[in-house]
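Asks: Generate the whole structure from the sequences, applying the supplied hints.
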Amino acid sequence: MLNPALALALLVTTPVLAQEPAPAELTFDLRAAEHLFNRAGFGARALDLELAVAQGLEATIDGLFLPVEQRLPRERPERLTRKDGAKSDALEALRLAGGKDEAPQDMVDAADSAGRKMRREDRRQLEDYTIWWFDTMASGADPLRDRMTLFWHGYFTSSMDDVKSSYQMIEQNQFLRAEALGSFRDLLHGAAKDPAMLEYLDNDENKKQEPNENFAREVMELFTLGEGNYTEDDIKEAARAFTGWRSRKGAFDNRAAAHDTGKKTVLGVTGKHDGDDVLEILLDQEACALHVAGKLLSYFEGRSPAPERLASYAADLRASDYELEPLLRRLFADPEFYGDRVVGQRVAGPIDYLVGMSVRLDLTPPQAWYLSGSRLLGQRLFHPPTVKGWDGGMAWITTASLMQRGNLAGILVGTVDAGEVLSDQDEMFSGEEMMDDMEAMGSMDELPARPTKGVKFGALSGLKAMSGKWEPDLDLRGLLRRSGATTSEERVDFLADLLLAVELSPKTRAFLLQEFEASRPTQGRDEATGRARFRERGGFQRAQEDHLRGFAHLVLSLPEAQLN
Amino acid sequence: MQTPFDPILGRRSLLRGFGTLGALAVGTRLGSAAALTFSAPLPQGSGNLVLLELAGGNDGLSTVAPFADDAYQKARPKLAFGKDEVVVLDDYRGLNAKATGLHEAWEAGELAIVEGCGYPEPNRSHFKSMEIWHTADLRGRDAGQGWVGRLAEAVWKEELDPNRMVHVGSDKPFSLNSDVHNAASFVLPAGYRWIDNEGPMGKVAHADEPADQGEEEAGSTLDALRRAYGDAAESSTEVRAAVAAYRPRVEYPQTDLGRALLTSAALLQGATQSRILSVRLGGFDHHNDLRRRHDLCMAELGGALSAFRRDLAGTERGDATTLLAFSEFGRRLAENGSRGADHGVAGPMFVMGPRVRGGLYGEHPSLTDLDKGDLKHTTDFRRVYADVAGSLFDVKTKDYLGKGYKKLGLLR
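First to last, the protein sequences are chains A and B. The opening residue of the first sequence carries number 1 in our numbering; numbering runs sequentially from there. The opening residue of the second sequence carries number 1001 in our numbering; numbering runs sequentially from there.
Keep in mind that a hint or two might mislead.
Said to hold, decoys possible - Under 10 Å between C-beta atoms, here's a sample of chain A residues computed to sit facing chain B:
(1) Asp204
(2) Glu232
(3) Arg346
(4) Gly393
(5) Thr398
(6) Gln404
(7) Gln523
(8) Asp526
(9) Glu527
(10) Thr529
Rather than coming from a laboratory, the hints here were simulated on the basis of the structure. A quick note: this is a predicted structure, and the numbers were derived from the prediction, not measured. Think of the CB as a built atom: it goes at the ideal place given N, C-alpha and C, for glycine as much as any other residue.
Replies: What follows is the structure, encoded as structure tokens:
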């Protein structure tokens, strides 16, 4: 291992290191622009890329930070659960009647039904919000804010499974969204007092007499320092400082009676710390900036940064007092960010894959496709698998998820019926959710015959509801005609370029060409029957379009399509 | 080669060497129904391993409760179990009453409980500690591969069948990670395929053999993806056939673990000849309301294990199957203020199956001589890995755990 200082000196004097080949100068061409939008957003349409290149890198980066006014589904989410203060007559009546053991059966049944209805409406509100988020990601209206909100959603994460309140989950997300490009200090302090977070990490239960260490541990391990940069005693002491912070009716509450006012020593600093003091002690640690910068660089580049480069970014982050914009601006103009080891070398996460595909094809898929698709591929928003969020990278890839990615691409372009993918996946609904949703199944009949844009599928967000009902507004024939591609080779190249973030190797290109040719419909007469193959008006055109869609499905199923 | 006759398996090594030939093999449909259920005798001395991960930090003291220990009753006024609330094992301890499958195995003399398992300098982070259990290495992921991945490499060497090692569920555990052997992983077998694209996708992995590319390309993300494609194509056909052909002898509970163990049974019995299965039961991180929530976990565990035992009982592959259950840590002795318990250290491991010599192993950690409020471990968990894997597979412990461990004699 090189001495970091020496390595830094080398980096300055010799532009190309053997380990990290980076172009000395950055050419902001279409490829670079596509890369920037893949990573800083969720992909871009061809026209937007040309615009970016014409504007140049600096103006394009400026554009990412321009404030955008966005319309939320509603100003504030509604409080729909009892813990957030929502009322239910049936549940209240049951309580007054002495609870389940005392009350008459019809009252119990009414309360059960009311409870299910509340849970269903609560899930529905979160689903609506999730859909709104998918739509803004795909719109490209505020790409970097969407990207960073997703990053923080996995960083300062909480799960609906534990929080059980759409109000709190949405409020948390709105907070992360508002601060996404601001200051890490504000994010940390805000996340630590966020009601959903306090519940998720059990700080609600952290009291003077009986400290609960969960929150204190994760704050150090996941939010600030990283494992190995603190001791078990630091956690015990910090937990005391956080005593009293809790969530009450969906809002932050500092309960003085539960707070331990005594002296604590955290990372060598002794005092009568409260929670905010501890957060400041953590922010003062060099390990904190390294941790945050490391997470950001790894996220955007798909690989861990070299130690000396990370040290330099972390130093900048400290120098800017944890403001995030300078770090992001530096990264997006960093030639290494556009190097061969970064571009097209990151496994696209499920949301990258799904949203990126819709953007490239300029399609607006049904909401169920996003909701069920992201869930099927392992990135269900507001339901992270662990307090660490989602692992990312090759962890997205299993033998099964590869197949489901291809199947979801097939649904999008209209070659696979949604029912085939999810017919067996209904089992994925947990018992309670299934029960609640069954009650709402009546709404299924109201589905329009051929939904295209912005159609809802009710509480049952399964792909099954899409079966036989989705026909993409896709005209690949027209697209190819306008592109001027006439030979099979040109068409294969055009479609591969449109659909993939990486260049094809000669062998994969040859394979695709072969597949393209083998399935291409031809006019004329059938040799066996002597009849014209396509006798119906438009039959041949339809066959051509189907062929192109089938080919697009194949391209989107390739290993290359899993990279961005 | 592990089996004397095998039309389907074993082609993996061929596949790697001859791309086009392999591509043809992948596209081949499996034969008659008879071929699907056929069960070739396994070589002498070889067994199957089922790994059951209890994720979140299983509270060992509520699983095997030391009801007779005053220190236990005193430290857990709200959580401790009394003698009349457990299935009594002896005058000191009892099994959680909800864990039916474990009781049945204990009664049959097929359950070994190794108490006080852990490792030196315990880490109380879920992730770091789980990494340590998954790699059997105190460095965690920095050690490179998972311990099961290393075991697979020692057992099967160049024979790269992804169905030898299968995780049934989401999020494949790091223990199965291997530089050489990719493990198959899926949630539900029926949806485990490329719809409309099976033909071409079977060829994709070989459309561009990594060996033909420049040196600098080796080890790229794309290469890793291509390998996964090859494994997916091969694995899915066989898995779906095996599951479709399987007729369980008992009804499994409709729980995630029940379904996962049913699929595991199909793969153990079927033509995939899977040898290592991995399943997970999550939700053990009981910082609050521990007793009620832990009981729910125990009920799911007990029901699924009971069905699995009865389904496999008396079958040839079933007799060769041993299940090993573990968790990343136990929980603190003293309960917290939320009727829960925070992250702790040592906990019991469970080894279940017809080959197991039932009984208690190791030494119960002292409830008075604590390390920062936590139970000190008395048995290194790697000793249990070594003992079980050493009996099931014909390999040297050193080859997958780096060194030898003293036998515990858990298996016949």
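Asks: Indicate, hint by hint, whether the structure satisfies it.
Replies: Outcome of the hint check:
1. Asp204: holds, 8 Å
2. Glu232: holds, 6 Å
3. Arg346: holds, 7 Å
4. Gly393: Interface hint status for Gly393(A): holds (8 Å vs cutoff 10 Å).
5. Thr398: This hint holds: Thr398(A) lies near chain B, its Cβ roughly 4 Å from the closest one there, short of 10 Å.
6. Gln404: Gln404(A) check passes; min Cβ-Cβ to chain B is 7 Å, inside 10 Å.
7. Gln523: Not OK, violated: Gln523(A) not within 10 Å of chain B, min 24 Å.
8. Asp526: violated, 23 Å
9. Glu527: Since the shortest Cβ distance to chain B is 23 Å, the answer is violated.
10. Thr529: Cβ of Thr529(A) sits 26 Å from chain B, so the hint is violated.
Hint compliance for this structure: hints 7, 8, 9, 10 are not met, and every other hint is.
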